[in-house]
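Please build the complex by placing chain B on the supplied structure of chain A, with the hints as guidance.
Top to bottom, those sequences are chains A and B.
Position 123 of the first sequence, counted from 1, bears residue number 123 in the numbering used here, the numbering being contiguous throughout.
Position 149 of the second sequence, counted from 1, bears residue number 149 in the numbering used here, the numbering being contiguous throughout.
Check the hints yourself; a few may be wrong.
In the DMTMM-like style, the derived pairs of lysine to aspartate or glutamate whose C-alpha atoms are separated by at most 25 Å in a straight line are [unchecked claim]: (1) Lys251/B - Asp270/B; (2) Lys377/A - Glu164/A; (3) Lys431/A - Asp476/A; (4) Lys431/B - Asp155/A; (5) Lys244/B - Glu65/B; (6) Lys251/A - Asp337/A; (7) Lys202/A - Glu164/B; (8) Lys377/B - Glu164/B; (9) Lys377/A - Asp476/A; (10) Lys202/B - Glu27/A; (11) Lys431/B - Glu407/B; (12) Lys202/B - Glu65/A; (13) Lys431/A - Asp234/B; (14) Lys246/A - Asp270/A; (15) Lys246/A - Glu274/A; (16) Lys469/B - Asp394/B; (17) Lys202/A - Asp234/B.
Rough simulated footprint, nothing fancy, chain B against chain A, three-plus residues with beta-carbon under 8 Å [as the list claims (entries may be wrong)]: (18) 135-148; (19) 151-165; (20) 327-334; (21) 337-351; (22) 356-370.
Chain B is nowhere near these chain A residues, computed Cβ spacing over 10 Å in every case [unchecked claim]: (23) Tyr169; (24) Thr172; (25) Glu181; (26) Arg198; (27) Leu269; (28) Asp270; (29) Leu273; (30) Glu274; (31) Arg296; (32) Lys431; (33) Asp448; (34) Ile449.
Derived by calculation from the structure, the hints in this document are not laboratory data.
The beta-carbon is built from N, C-alpha and C at its ideal position, and this holds for glycine as well.
2 protein chains.
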Amino acid sequence: MVKSRGTEIAIGDRRPGCTLTQWLYEELRFAILSGRLKRGVRIPATRSIAVQYGISRRTVVAAFEQLLDEGYITSRTGHGTTVSRTLPSDFLPYRRPETPSKQRVGADILSRLQPPIRPFNPISPAVTEFPISLWARLASRRLRQLSATLLSGGDPAGYAPLREAIADYVGTSRGVNTRPEHVIVTTGMHHGLDLIARSIFKPGDQVWVEDPGYSGTTEVIQNAGLVPIAVPVDERGLIVSLGKEKAPNAKAAFVTPAHQFPLGSTMSLDRRLELLQWARATRAILIEDDYDSEFRFQGRPIPALQSLDRNGLVLLLGSFNKVLFPGLRFGYIIAPDSLLEPILRLRFQMDRYPPGPQQAILCDFINGGHFERHLRKMRELYAERWRSLRVNADRYLARHLSLPTIEAGLNTPAYLRTRLTSHQAELAATKLGIQTLGLDRFVRQRQDIRGLLLGFAAFNDQQIADGAKLLARALDGRR
Amino acid sequence: MVKSRGTEIAIGDRRPGCTLTQWLYEELRFAILSGRLKRGVRIPATRSIAVQYGISRRTVVAAFEQLLDEGYITSRTGHGTTVSRTLPSDFLPYRRPETPSKQRVGADILSRLQPPIRPFNPISPAVTEFPISLWARLASRRLRQLSATLLSGGDPAGYAPLREAIADYVGTSRGVNTRPEHVIVTTGMHHGLDLIARSIFKPGDQVWVEDPGYSGTTEVIQNAGLVPIAVPVDERGLIVSLGKEKAPNAKAAFVTPAHQFPLGSTMSLDRRLELLQWARATRAILIEDDYDSEFRFQGRPIPALQSLDRNGLVLLLGSFNKVLFPGLRFGYIIAPDSLLEPILRLRFQMDRYPPGPQQAILCDFINGGHFERHLRKMRELYAERWRSLRVNADRYLARHLSLPTIEAGLNTPAYLRTRLTSHQAELAATKLGIQTLGLDRFVRQRQDIRGLLLGFAAFNDQQIADGAKLLARALDGRR
Numbered sequence: 001m002v003k004s005r006g007t008e009i010a011i012g013d014r015r016p017g018c019t020l021t022q023w024l025y026e027e028l029r030f031a032i033l034s035g036r037l038k039r040g041v042r043i044p045a046t047r048s049i050a051v052q053y054g055i056s057r058r059t060v061v062a063a064f065e066q067l068l069d070e071g072y073i074t075s076r077t078g079h080g081t082t083v084s085r086t087l088p089s090d091f092l093p094y095r096r097p098e099t100p101s102k103q104r105v106g107a108d109i110l111s112r113l114q115p116p117i118r119p120f121n122p123i124s125p126a127v128t129e130f131p132i133s134l135w136a137r138l139a140s141r142r143l144r145q146l147s148a149t150l151l152s153g154g155d156p157a158g159y160a161p162l163r164e165a166i167a168d169y170v171g172t173s174r175g176v177n178t179r180p181e182h183v184i185v186t187t188g189m190h191h192g193l194d195l196i197a198r199s200i201f202k203p204g205d206q207v208w209v210e211d212p213g214y215s216g217t218t219e220v221i222q223n224a225g226l227v228p229i230a231v232p233v234d235e236r237g238l239i240v241s242l243g244k245e246k247a248p249n250a251k252a253a254f255v256t257p258a259h260q261f262p263l264g265s266t267m268s269l270d271r272r273l274e275l276l277q278w279a280r281a282t283r284a285i286l287i288e289d290d291y292d293s294e295f296r297f298q299g300r301p302i303p304a305l306q307s308l309d310r311n312g313l314v315l316l317l318g319s320f321n322k323v324l325f326p327g328l329r330f331g332y333i334i335a336p337d338s339l340l341e342p343i344l345r346l347r348f349q350m351d352r353y354p355p356g357p358q359q360a361i362l363c364d365f366i367n368g369g370h371f372e373r374h375l376r377k378m379r380e381l382y383a384e385r386w387r388s389l390r391v392n393a394d395r396y397l398a399r400h401l402s403l404p405t406i407e408a409g410l411n412t413p414a415y416l417r418t419r420l421t422s423h424q425a426e427l428a429a430t431k432l433g434i435q436t437l438g439l440d441r442f443v444r445q446r447q448d449i450r451g452l453l454l455g456f457a458a459f460n461d462q463q464i465a466d467g468a469k470l471l472a473r474a475l476d477g478r479r
Numbered sequence: 001m002v003k004s005r006g007t008e009i010a011i012g013d014r015r016p017g018c019t020l021t022q023w024l025y026e027e028l029r030f031a032i033l034s035g036r037l038k039r040g041v042r043i044p045a046t047r048s049i050a051v052q053y054g055i056s057r058r059t060v061v062a063a064f065e066q067l068l069d070e071g072y073i074t075s076r077t078g079h080g081t082t083v084s085r086t087l088p089s090d091f092l093p094y095r096r097p098e099t100p101s102k103q104r105v106g107a108d109i110l111s112r113l114q115p116p117i118r119p120f121n122p123i124s125p126a127v128t129e130f131p132i133s134l135w136a137r138l139a140s141r142r143l144r145q146l147s148a149t150l151l152s153g154g155d156p157a158g159y160a161p162l163r164e165a166i167a168d169y170v171g172t173s174r175g176v177n178t179r180p181e182h183v184i185v186t187t188g189m190h191h192g193l194d195l196i197a198r199s200i201f202k203p204g205d206q207v208w209v210e211d212p213g214y215s216g217t218t219e220v221i222q223n224a225g226l227v228p229i230a231v232p233v234d235e236r237g238l239i240v241s242l243g244k245e246k247a248p249n250a251k252a253a254f255v256t257p258a259h260q261f262p263l264g265s266t267m268s269l270d271r272r273l274e275l276l277q278w279a280r281a282t283r284a285i286l287i288e289d290d291y292d293s294e295f296r297f298q299g300r301p302i303p304a305l306q307s308l309d310r311n312g313l314v315l316l317l318g319s320f321n322k323v324l325f326p327g328l329r330f331g332y333i334i335a336p337d338s339l340l341e342p343i344l345r346l347r348f349q350m351d352r353y354p355p356g357p358q359q360a361i362l363c364d365f366i367n368g369g370h371f372e373r374h375l376r377k378m379r380e381l382y383a384e385r386w387r388s389l390r391v392n393a394d395r396y397l398a399r400h401l402s403l404p405t406i407e408a409g410l411n412t413p414a415y416l417r418t419r420l421t422s423h424q425a426e427l428a429a430t431k432l433g434i435q436t437l438g439l440d441r442f443v444r445q446r447q448d449i450r451g452l453l454l455g456f457a458a459f460n461d462q463q464i465a466d467g468a469k470l471l472a473r474a475l476d477g478r479r
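For reference, chain A alone in the conformation it holds in the complex (with noise of 0.2 Å):
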């Protein structure tokens, strides 16, 4: 029990694999949700909380840091820290989450947009587009003369000639300074992200996330004991100096410079050198995830953040599970000298090693040319099928979205513009069968951001006519 001016506030169990500062952001967030720590009441010093508590204070004051930062709290000099006269209000009603911060992700997600895939599922490419039979040529010619190296157990940092290809590609395609030394084979983004989270950083430490941004990230980074600071991004992507004035210490900067996620906007040369000064003069390291940007279809290729850095502070991750197919689990990171080691470590204590015949096959796949010719005809495919969406909501869907203009990518978002919240479009559009996820899924702090996430690159004309018009349905239906 905090007691607090006559209220006492129970503070429930901590549940397994919650760290200290998660359990007492959440249990206080939710007293403050729930209205038994009432508004404009003063909540008990740090200082005593972690003795009650048998807690250390440093435990506290991050959970009050992430209660400040999201609105929940008030701290003046001389007034001792209060609960907020008004609250984050997207937040009500709260259901108390089941799992740490993982109430709108992760498993409702994945059985939402589950096969089969249906317009305008979000985060499918398109997958029967795959040359599925040179594939298996390929795979089937290095199988009958594999060698015993690549069945046996190989480097935890993946099959050399792989991780030479993956340089030569990210160095001509993306611009990015690199030796096959630096690349690091994982399963894809979140495996990467996993094993940097862990291996880098000390429990407690902030890292800037997007908002909105990719939830499955914040995940990743909260399973490591970590914690997100949310800073806006604009059509320019992260405000870098909003980032410094909530969080100037912050161990780390996720970023989608190529492709924001789910904005779809590019980050501008000048915020990218605010970002890499920022992180010089801080010894921050920034987490480059170059999300969808092998599909650029309008502009010129933007070189990564990457290639802009001199001073070994950017991990690059990358992978090729958007841009062969979901099934394959492969991706890489690209890390500077200083940090190859202790991610390796940790690669090597969860999971050994990459699988090594697939490694191989995946390899033959790059270095016979058929790697840089699907992204071709992918980008000429996904062009196509963002003008055929554009064309589509014009006709059918202009009194309740408008779409920005992306340059790449497998999805745009739509912003609403009747009243409805994203989360009752989504409702609406999955009632009739539309596979969609309301922004409000990605949004940590935001108000201003109401809207739909339409995928497009796995449908044709005809789907996404159908879609289209359905989806009118649905959101006519809830007007």
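The following block gives chain B in isolation, referenced to the frame of chain A:
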């Protein structure tokens, strides 16, 4: 600085990824081993250390408990806590570890046992015996007719038909009570244990581990912030009564009942029942690593511990990586109902789902009867190779080593008859190009075990005879 009778102890910085408990434990241990905290000297009370470092007393107590467990400090009522007068001698000379508790493992083991595989590499199966051209045919057939579903994202638990095949296999061959819904496909034992350790337990939870035991297990457990408690094993497996003495309220026990690593013993039925009884009484979870159980070449197959459990307390870990080939990267967890959800949630968050096409190929391999056939063949081959190692050890190594009777697996302990330490023997062997690991690598507190771990699975008669002669020469040089 911790002040202790005028002695000042510099406490170093906490390394990334190191929990507060690990950090304090290691710093105090280092201060003791380096002689800065002298034998017999009194250590400040947990309370004053907690206040001084602004950490919780619980954290300090946990670090102290581990130091007590391992014999570095002694606690007597009325006398406070003092540095032990006799220290665990095998740790001297002690080097400050670069990363928490990982000083003897990981990268080092890996580099020693890398291909080319030579006698007596203890971790390598006979990969050259794997029917790779049959696998290539199955792969080619499956890939040419692959469904879009297998190319797309899948179920975090794995491909349903593969889970069925695994449930069938562990049911018939290991007596495991399970249904396909309880099978989670992983990349192997380490991955499975990492998922379990992070999703089911809280940082600071104690886990019994076998002494001697597999160091890779301890690493994964520590990476999750859990505290391994070393419990001695004898020829009947884990000595449950000692576990109950040392850590009665541990939250889990990690055991290798089928084939203890590295001693090769099988856990007796009475110990199994005693372990289950403890788990039932304390609601602890038993993590059963069914390591090498497939390769039983003597005696009857022993059903898994899981098959005796009626209370959903056992998580079973299995792997295809040793049975088929290490580069495959497939294993599984068999989880009771109540533990499925948190494991699957973390799995989805950290690496989504296993690779689709590969799972289908493995499934075809099992369902076509090739898996059972390969197992039978390997069982006979390994039995022969084990006999060959015994014969050659009798002939060339009788002065140096004594081999116990083992009934399963890819390797055997070989106990030193001379005065060499395990480490000296390993060094001498390595100098002449023999691949082996000293048993000291797997010992946690035991003083009574000196020997080498010798693998026989990957070597023919000639290689084993040559290896035995070479090893004899190496050990002769160091008598």
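Hints, one by one, checked against the model:
| no. | hint | result |
| --- | --- | --- |
| 1 | Lys251/B - Asp270/B | holds (21 Å) |
| 2 | Lys377/A - Glu164/A | holds (24 Å) |
| 3 | Lys431/A - Asp476/A | holds (13 Å) |
| 4 | Lys431/B - Asp155/A | holds (23 Å) |
| 5 | Lys244/B - Glu65/B | holds (15 Å) |
| 6 | Lys251/A - Asp337/A | holds (18 Å) |
| 7 | Lys202/A - Glu164/B | violated (40 Å) |
| 8 | Lys377/B - Glu164/B | holds (24 Å) |
| 9 | Lys377/A - Asp476/A | violated (36 Å) |
| 10 | Lys202/B - Glu27/A | holds (17 Å) |
| 11 | Lys431/B - Glu407/B | violated (30 Å) |
| 12 | Lys202/B - Glu65/A | holds (23 Å) |
| 13 | Lys431/A - Asp234/B | violated (61 Å) |
| 14 | Lys246/A - Asp270/A | holds (20 Å) |
| 15 | Lys246/A - Glu274/A | holds (16 Å) |
| 16 | Lys469/B - Asp394/B | holds (11 Å) |
| 17 | Lys202/A - Asp234/B | violated (38 Å) |
| 18 | 135-148 | holds (count 9) |
| 19 | 151-165 | holds (count 5) |
| 20 | 327-334 | holds (count 3) |
| 21 | 337-351 | holds (count 8) |
| 22 | 356-370 | holds (count 3) |
| 23 | Tyr169 | holds (20 Å) |
| 24 | Thr172 | holds (27 Å) |
| 25 | Glu181 | holds (15 Å) |
| 26 | Arg198 | violated (6 Å) |
| 27 | Leu269 | holds (31 Å) |
| 28 | Asp270 | holds (31 Å) |
| 29 | Leu273 | holds (27 Å) |
| 30 | Glu274 | holds (26 Å) |
| 31 | Arg296 | holds (23 Å) |
| 32 | Lys431 | holds (23 Å) |
| 33 | Asp448 | holds (28 Å) |
| 34 | Ile449 | holds (24 Å) |
The structure shown violates the earlier hints numbered 7, 9, 11, 13, 17 and 26.
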